[in-house]
Amino acid sequence: MVLGIGDWLRHRVKRDAPAKQDDGVPVSVPVPGRDPDTLLPAEKRAEGRGVDAAKLAAAIRRLVKDHKGRTAGAIHLINLHVVRERMGDRWPAVADRLLAGIEVILDNRLTAADLYIRIEGPSYLIVFGEIDHDAAKLKCALIGREIEKHVFGDDVDLAEISVRASVFRLDDGLAGQGEEIDLLGMISALKQGAGQTVPGERREPDGMAAAGRRPEAADDGDLPPIPNHEPPHGPQPPRISYVLVPIFQTATTPPSSFVYRPIWHTRQDAIATYLCQPMWVKSNAVGAAGEGTIEYQLAYSGEGDIATLEEVCRTFRALAAEGRRVLLSMSVHLETVARSATRKEFLAVAAGLSPAERRFLSVEFAGIDETVPVMRLTELVSVIQPFCRSVILRCPLDRRRFAGVREARLYAVGVEIGPFHGPEAGLLARLDDFAGAAQAAGLRSYAHGLRSRSLMSAAIAAGFDYVDGDPVAPLRERPSNAYRFSLTDLYGGSPETAGRAVA
Amino acid sequence: MTRILLIDDDPLLRVTLAAALSAAGHVVVEVDNGIEGVAEARRHRPDLVVVDIIMPEQDGIETLIRLRASDPDLPVLAIGGGRARAADFLSLATGFGATATLAKPCAPEMLVEAVRRCLAAAQPAGPVQAETV
Numbered sequence: 021m022v023l024g025i026g027d028w029l030r031h032r033v034k035r036d037a038p039a040k041q042d043d044g045v046p047v048s049v050p051v052p053g054r055d056p057d058t059l060l061p062a063e064k065r066a067e068g069r070g071v072d073a074a075k076l077a078a079a080i081r082r083l084v085k086d087h088k089g090r091t092a093g094a095i096h097l098i099n100l101h102v103v104r105e106r107m108g109d110r111w112p113a114v115a116d117r118l119l120a121g122i123e124v125i126l127d128n129r130l131t132a133a134d135l136y137i138r139i140e141g142p143s144y145l146i147v148f149g150e151i152d153h154d155a156a157k158l159k160c161a162l163i164g165r166e167i168e169k170h171v172f173g174d175d176v177d178l179a180e181i182s183v184r185a186s187v188f189r190l191d192d193g194l195a196g197q198g199e200e201i202d203l204l205g206m207i208s209a210l211k212q213g214a215g216q217t218v219p220g221e222r223r224e225p226d227g228m229a230a231a232g233r234r235p236e237a238a239d240d241g242d243l244p245p246i247p248n249h250e251p252p253h254g255p256q257p258p259r260i261s262y263v264l265v266p267i268f269q270t271a272t273t274p275p276s277s278f279v280y281r282p283i284w285h286t287r288q289d290a291i292a293t294y295l296c297q298p299m300w301v302k303s304n305a306v307g308a309a310g311e312g313t314i315e316y317q318l319a320y321s322g323e324g325d326i327a328t329l330e331e332v333c334r335t336f337r338a339l340a341a342e343g344r345r346v347l348l349s350m351s352v353h354l355e356t357v358a359r360s361a362t363r364k365e366f367l368a369v370a371a372g373l374s375p376a377e378r379r380f381l382s383v384e385f386a387g388i389d390e391t392v393p394v395m396r397l398t399e400l401v402s403v404i405q406p407f408c409r410s411v412i413l414r415c416p417l418d419r420r421r422f423a424g425v426r427e428a429r430l431y432a433v434g435v436e437i438g439p440f441h442g443p444e445a446g447l448l449a450r451l452d453d454f455a456g457a458a459q460a461a462g463l464r465s466y467a468h469g470l471r472s473r474s475l476m477s478a479a480i481a482a483g484f485d486y487v488d489g490d491p492v493a494p495l496r497e498r499p500s501n502a503y504r505f506s507l508t509d510l511y512g513g514s515p516e517t518a519g520r521a522v523a
Numbered sequence: 366m367t368r369i370l371l372i373d374d375d376p377l378l379r380v381t382l383a384a385a386l387s388a389a390g391h392v393v394v395e396v397d398n399g400i401e402g403v404a405e406a407r408r409h410r411p412d413l414v415v416v417d418i419i420m421p422e423q424d425g426i427e428t429l430i431r432l433r434a435s436d437p438d439l440p441v442l443a444i445g446g447g448r449a450r451a452a453d454f455l456s457l458a459t460g461f462g463a464t465a466t467l468a469k470p471c472a473p474e475m476l477v478e479a480v481r482r483c484l485a486a487a488q489p490a491g492p493v494q495a496e497t498v
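Chains as they are written, first to last, in this note's numbering: chain H, 21 to 523; chain U, 366 to 498.
Since the hints were made in silico from the structure, they are not lab data.
Please read these numbers as outputs of a predicted model, since none were measured by experiment.
No incorrect hints appear here.
Pairwise CB distance ranges, derived in the manner of DEER restraints:
#  : chain 1 : residue 1 : chain 2 : residue 2 : range
1  : U       : ASP375    : H       : PRO515    : 20 to 28 Å
2  : H       : ASP418    : U       : PRO470    : 19 to 27 Å
3  : H       : ARG396    : U       : SER435    : 51 to 59 Å
4  : U       : SER435    : H       : ALA423    : 48 to 56 Å
5  : U       : SER435    : H       : ALA155    : 40 to 48 Å
6  : H       : PRO393    : U       : ARG407    : 53 to 61 Å
7  : U       : ALA452    : H       : ARG334    : 38 to 46 Å
8  : U       : SER435    : H       : GLY446    : 28 to 36 Å
9  : H       : ARG421    : U       : ALA449    : 15 to 23 Å
10 : U       : SER435    : H       : LEU367    : 52 to 60 Å
11 : U       : ALA452    : H       : ASP418    : 23 to 31 Å
12 : H       : PRO515    : U       : GLU401    : 19 to 27 Å
13 : H       : PRO515    : U       : ARG481    : 20 to 28 Å
14 : H       : ARG421    : U       : ASP375    : 22 to 30 Å
Don't be surprised by glycine CBs; every beta carbon is placed ideally from N, CA and C.
Assemble the whole structure, with the sequences as input and the hints as a guide.
This is the structure in C-alpha cells:
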C-alpha cells in the first residue's frame, strides 16, 4: 500500500483551517466515524476552535523535500476506551494528566528537527527530521516504553492501556508493511477526515538540568573544580532511555553505536563516570513498546572491545574540545587481551591515549572467572594498567571469594544486574552478600543496570560504592558533565518534589 | 485500641514485631510489601504505619513518600538496619517525613516504646517532631 505523502499534505492544507493557533499546543483531529464520546477532554476543547494546519503541513513538506529517506513514526495508546468506561466521571481528570505526561516525554525525547501532533484519541504522529528508519523504530519504541513506565507506572486504573509504536518511511510515499499498518490506517483516516490539526513543533529542553538536579560536582578523581551553577554553555548531550537487553551470542558485526551509562558514586554523592557501552541494534528489534530494543554484548567480541576503545578515544577528544572532563569507563573481555592479534590491536589504540586521558579512564575486565589463576590475572591487569587509572572486574552475582582479585591489584569488583536476575525479592540478600564479601577483601564494589529504586536502595544499603540504572539517570548518547546526585535526589530531591518523582 | 499497619518483607521479623505490638494491645495488620501497604492504608486508614526501609519492588522510602502524599498526617515509623549503610536511609526517612525511625535489630520492647512515642507525638496537642529512637 502506497499513499502519496504529497497528496496527503495537499489534502490537509486544503482543509478548512479557519483560525490560527500559535500557542504550540497540539490538539487532536476528530476522525470521521469516531464516537464523539470517546474524545478526550482536550480533544473536546479543540473542537470548534481554529487551528493552523498550514503551518504543520509546511513544516512536514519541508522535511520531506529536504531530507529524502526520512522517517515518521507513531505512538498509539491501546485500550483507552476500556479504562474510560471503568473510570466514569473520573476520566476527564485522568485523561488530562495522561496527555500532559505523554507530551512532556515527547518534548524531552524529540529534537528541534522533529515534529509531532496528536491526531487521534490519542495517537501521536512524529516526523523525524534527522534520523533514519532504524533509528526511528528504536526511538518510537523507546518513547512508547517510557510512556508506559513513567506515565502509567503502577497506576492500577491505567494498567489496561498499552502503548504501541509503528514507523514508516517518508520518501515520496508511505511504503507500509507489517508493523507499520496501524500508522497507515491512521494516516488514511486523516486523509479522509474532516478535522484540523495544529502544529506541534517541539524543541528539546535546554540542557540536562531539566532533570531538576544540581548541576555539577567534584568526583573522587582529579576532576577540575566545578562551579555550583548551571552547566557550561554549549550543546548538552541528549538524554535517551534505551532498554538494554543482554545477549550471549558473539556479535559478528561491529557495534551499531555506543551509549553511555551515568554511574553514581554513592559515597561521593556525584555522577562523574560514564560507562561506554557498545550496542547492536537489530532491525527487527522494535515491536510492541516495552520490549527490549537494544542488545549489548556479554559474550566475547574483540571487535566490539576495540571499537569501544576507539569510541572512548574520540569522546575524550570531543570533551577536551568542549573544555569538559569526566571519567570514562569501558569493558574489555579476557579474550581480547589474551589473544595476541586482538591484544596488539587493542594496545595500539590504547597507545593513542594521552597521559591526561589515561587518568580519566577505568577499564573493566569481563569474562574472567574464578578459575583464572592469580598470576594470570595479575599479568592481564599489568597489560591494561598502564593505560588507565584503575582496572576493575565484572563478576557473577554469587561470587564471594575475592582475595585473588585484591592480590592482582584490581580496584573494584562488580555485577551486572539487568533484567535477567529474576524477581527482586531474591536479589536483596545476594547483593548484601556480594558487597559484604568485596568489602571484606578491601575492594570497592559496583552494580550495573539496577532497574528500580528498590534495587538501587538495597544495593546502596548493602554497601555498593558505584551504581547505575534508570532510577539514577537514563543512558546518554554522549557523556554529560559531572554533577551532584545524592540519596535524596534518588527520590525526587526533596519532600516537596518527591511525590511527583515517585508518582 | 490503635490500629497499626506493619509493612515488612521479612516474614520472620514481621511475625515477631507483630506479636510484640499485639501483646502491647495494638491491632496489627501485616503486609509484606510497600505497594500493598500503600493500598491498605488507603483502604483502611491505620493510626500508625511501621515500614521497613529496604524492601523489594517498592522500598520503604518510596512507600513513605506515597503514604505522605495521600495522608500527610499519618504517623509513620521507619525501621531499618543490618546493612552497611542503613543509617543513611534512616536519616533519609526522617528527611522525607517519617515521624520517627528505629534501627534494627531491636528488642520488641524498643519497638513498642517507639510506637508509643510516635503515637504520642502525633496527638494534636503538640507538634510532631521527627526523632530517632
